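Asks: If you want the building blocks of each chain, they are given just below.
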Amino acid sequence: MYPIISLSVTGLLTLFLGFSENKKIVFPASIAFLLIALATAFIDWNAPGFYFNDMLQVNNTSIVFWAILIISAILIMGFSEGFERFEFAQPAEYFAIVQFSLVGAIMMVSFKNLIMLFLGIEILSVAMYVLTGADKRNIRGNEAALKYFLMGAFATGILLFGMAMFYGATGTFNIGSGVFIGGDNSFFLWIGCTFMLIGMLFKVAAAPFHLWTPDVYEGAPTIFTAYMSTIVKTAGFVALFKVLSTTFSGLQDFWWIMIAVLVTLSLMIGNIGAVSQNSFKRLMAYSSISHAGFMLLALLGDHENALGSIMFYSVVYTLATISAFGVLMVVSKERIEKGRVYEQNDLFKGLAQNNGFLATVLIIAMLSLAGIPLTGGFWGKFFVFRDAASSGLFWVIIMAVLMSAIAIYYYFKPVLLSMSKKTSLESITINPLAKFIFAITTFGTIVLGIFPWILRSLF
Amino acid sequence: MSLIALIPLFPLIGFLINGLGYKKIPKAIVAPVGIGAALLSFITTVLVYFQFKADGQTIIQPLFDWITVGGLNISFAFQIDQLSIIMLFIITGVGTLIHLYSKGYMSHDEGYGKFFAYLNLFLFSMLLLVMGANYLIMFIGWEGVGLCSYLLIGFWNKRSDFGDAARKAFIMNRVGDLGFLIGIFLIIRQFGTLEYLSVFEQAQGLEMGNISIMFITFCLFIGAMGKSAQIPLFTWLPDAMAGPTPVSALIHAATMVTSGIYMVVRSNVLYTLSPDTLEFIAWIGTLTALLAASIALFQNDIKKVLAYSTVSQLGYMFIGLGVMAYTSGFFHVITHAFFKALLFLGAGSVIHAMSDEQDISKMGGLWSKIKITAATFLIGTIAISGLPPFAGFFSKDEILAHVFEHNKAMWALAMVGSFMTAFYMFRLFFLTFTGKFRGTKEQEDHLHESPSSMTIPLIVLAGLSIVGGFIGFPEIFHLPHALADFLSPLYDGSRAVNPEFGLVHLSHSTEWMLMGFSVLLAAVALGVAWFIYVKKETQPADPSQLGGIKKVLADKYYLDEAYQIAFVKPVEKASQFFYSTIDKKAIDRVVEGTGDLTSLLNRLSTKLQTGSTGFYILVMSIAVAAILILNMGTEIADQFFSIFNAQTK
Amino acid sequence: MISNLPQDFSPILVQFLLALGFVIFTIIITHVLGPRLKSKQKEDPFECGIESEGDARTPLSVRYFLIAILFVLFDVEIIFMYPWAVNFKSLGWFGFIEMLTFVAFLMAGFYYIVKKGVLDWERD
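Chains as they are written, first to last, in our numbering: chain F, 1 to 459; chain S, 1 to 649; chain C, 1 to 124.
It cannot be assumed that every hint is accurate.
Stated by the list, open to error - Which residues of chain F face chain C? A few of them, derived with a C-beta cut under 8 angstroms, are: (1) LEU12; (2) PHE16; (3) PHE19; (4) ILE123.
Claimed, not checked - In silico lysine-lysine, DSBU-like type, Cα no more than 30 angstroms apart, as pairs: (5) LYS116/C / LYS24/F; (6) LYS607/S / LYS535/S; (7) LYS136/F / LYS607/S.
These are computed hints drawn from the structure, not numbers from a lab. If you're wondering where the values come from, they're calculated on a predicted model, not measured in any experiment. Every residue gets a Cβ at the ideal spot worked out from N, C-alpha and C, and that includes glycine.
Isolated chain F (complex conformation):
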């Protein structure tokens, strides 16, 4: 609750900071604002309650997710270097939009009312549309932003339609009580449920609503690609879980098979599609689709465990993704081709020889994404498989395991390239802040790989 107010106010402040003479102040100030928001998040720790006429629900679970979201944002923004490299950059606006988007994400993880969910999704999405096109003179970025906006609007329409149907059937936007099939309104309820799920599945890039993902990920500036693949995904999954575990839990028989089929589809399209990608960002986009599939698996299981699994998975996925995109950002700025940073996989050729630290970070991130033991990714996968197994969905699990095997192939492509002898890179400069963030993400990945319970036992 407090971070929403804090972020709204500091977002505005950041906008006006942009007018100040000293442009350099924006970056540290924004990080400070995010830290303030993080601090205010814990005011409500152990003080669960409802706000705004029961529209928002705050408890320790949601506070943990707030913290995850805000910390992720801080880690990602650490790579921005104040957006000094951007041509025609407006750093203040970017930081302000990031803060506003976090307001949306926070609403998505603590809503109690569908209107709040809708508002949250829209605040986050509109912010993402703008950030995707942040690099104004980059035609690919503009294309991506427009595509994202058009398709996002379409998905929002579907979501809103679903909500309307839900309201029609139940007469309330509150998700507090479960609804059950039966009576004359069940038809509307079914349509409402399906459409709402579709709208949200679009946001988390689950197949077959994933088509925007590779294009948008590739077109957007890398830093915002990292942002949307971590924060949007985490918030989106928590929102999905909240809807499915509360109001739609009575409809489980109905959406269960649908989600199971979409899991399979996401895993297949994500993993198989990634195999031939030469662009690292497209590869990560497909990877993001497949991870959406893995996280959906958790929703199929017992709700007691699912939230913990989703939380764990989001954290390890976020850490690894930040590492991977971070390395891409640091390395790609050393190689400009045709006025753009070079973001193909073979950018990493010879990285290990050139800069062992970055190569280690990249390799550990890739291993974690591939789910190799002793990294957090392994336990993330393990927990969602366990959840799915508890509901007896063995065909989906077999599919998921097969697809993880394929995943190893494409995750190892950058790893192998980084190990090769030849290098096209000059010496790479890493600023200390980036180094610090890499240390956190890599260390976190390893620690969670060895002691998963320190995080998993939170709830």
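Chain F is already provided as a structure; the job is to place chains S and C on it using the hints.
Replies: Quick look at chains S and C alone, frame taken from chain F:
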């Protein structure tokens, strides 16, 4: 932490210091650490002995619960009883002497620290083997000593044939280990536990000749065949002489190779329950004793002779076990540990003096040059030949007496083997120490007695070889058989399952006669050897010039070649087949096919990615429609019809 | 009886289908039946006079759109004022403060726009 846990802990610490600090810690510290570890272990053993002797009860010292799977609970515990305390004395006692000896013997070697580290690791593993309170800990030790044996045989790893010998030892042991492992699984299946006490207690409730016990004992014995070098898994032991001589003495004569006997004595209840296995063991032992002794007749390598002699003596021990004379078999383990360690160390001293020459055809007349070595070697030779009153006489004679009672044909064969033993040992002695020197001038100039760190162990072991037999006097001497009395509680279980166990039917006159006969045979063998090699000064023949039966013997019955054809070649062929046909043509195809299929699917799935927003939205719309229809096609239709139905009403 | 079950909307559905069907039918039938003659002259925007030049669509300054959008934005915000005005009394001071906060945010946005120079027509 009790004293008991300290016994294996000292060598482990020694191993860690010397192993981790290899090439970092100064040479002057290496030997004190290594020897100190063994010595401390020995002292602790003595203390534990007094602790044990105080009340005479078996001590179980649990350290922690190790594996708990379902109903199976395996604790990491040590067991101290009569059997393990004797083994502890042998291992730490002889071990300490050999560590001391190694200080001199290995002093010029580059891998000094490595050697002591390995030796300590071996001690640790061997102690685990004999101290464990269940079969699994025994198995860990069993594998550990196998590993150390491998490492130490291949110690001089710059020579590829030494490496081959090490691998041969390892592989043959692995064959045996497989049997041992299956035996352990069968025990779990039969008894649901691996703890000795509870297994043996349950076993006492079983009938003699129980079929599953037969399988268990048989499988365990296969493990013993590998470790204790019995037919058909014995050919590794002569090759194992590639290792440094102290290793041969410690591992391949005194301790590791006797672990098979230890295992059988430990599981005596099970073996007593299974007379068929015992009969099998007895015959394998007989055959091994004869075969190895006959090969030893014409070997010219001083260590090879001793190696075949070891195989042959191990055969005698198994004969003893096979005729249910567990004490006699174990008695021979003890005396053998003394005199065979002595002989090996003596041989090492000779080799040291001869500037690394091992061929006895190049030796001769060393008596006057290296007196201490020669005298102690003679004591060892007499002891192994079975001449009274030295150690070998008592133990071997006890075995032979039991064999005579059991089966006369087997006794006759054993006597033949015994004759051959005396003959080749005295042949070895005469060729090495008497006559004229046959080596080069340089070697002769270099001849010298070994340093005291090597001669002290020789003297100690010689003393033990002389008096070691007195712990087990034959009944007819009317002196107490200390060993039998001490070990007696071990056989309570065997006595319970087989009332006949331990009863002797021989009359005193028969026993006197048997004893006299075997002494006579040994004396004759001594005489023959003296006649051939001293009187007639026959030179040891070059193996390539031998003919007929002698050639077959010198070439070890062509067993290595036979194994090569029977096992190695077919395996190589099969391996070739699996590689070129199964792997290349079948498995690789499947693997590559998976890859091809994936990239095909990939091409299809990326076709969706046209880049056109309109197309994307079309796909999404189709997906939405498909979901709606799949999910609730029937409901939609129902609704639709209900509208019209309502209308037409 | 007032009811809003799905089947109660059936007359509307029938009406909708009929209307839609008529439109589709008409569009298709005119395309099929109508006689057509295609030539370059006929497809020209102007059939006489001087040749047409350039694009029919002249680009407008992006500022038109910006100002239009900003107008819509602030215009829509005013909508919130109406329900507040109606419920002014029942909402009391709380409502008043809420509205002040809202307007303050709006004004901040307005100030930002002015400061950013979006309303400066003659910039550049």
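Asks: Against each hint, give a clear statement of whether it holds in the structure.
Replies: How the hints compare with the structure:
1. The interface hint given for LEU12/F is met, as the beta carbon of that residue sits about 5 angstroms from the closest beta carbon of chain C, less than 8 angstroms.
2. Using the Cβ-Cβ criterion of 8 angstroms, the hint placing PHE16/F at the interface with chain C is satisfied: the shortest such distance is roughly 7 angstroms.
3. At a threshold of 8 angstroms, the smallest CB-CB gap from PHE19/F to chain C is about 6 angstroms, leaving the interface hint in force.
4. Below 8 angstroms, beta-carbon pairs count as interface contacts, and ILE123/F has none with chain C, the closest being about 14 angstroms; its hint is therefore violated.
5. In summary, the hint linking LYS116/C to LYS24/F is supported, as the alpha carbons are separated by about 19 angstroms, within the 30 angstroms threshold.
6. At roughly 98 angstroms between alpha-carbon atoms, LYS607/S and LYS535/S are farther apart than 30 angstroms, so this suggested pair is violated.
7. For the hint pairing LYS136/F with LYS607/S, the CA-to-CA distance comes to about 29 angstroms; that is within 30 angstroms, so the pair holds.
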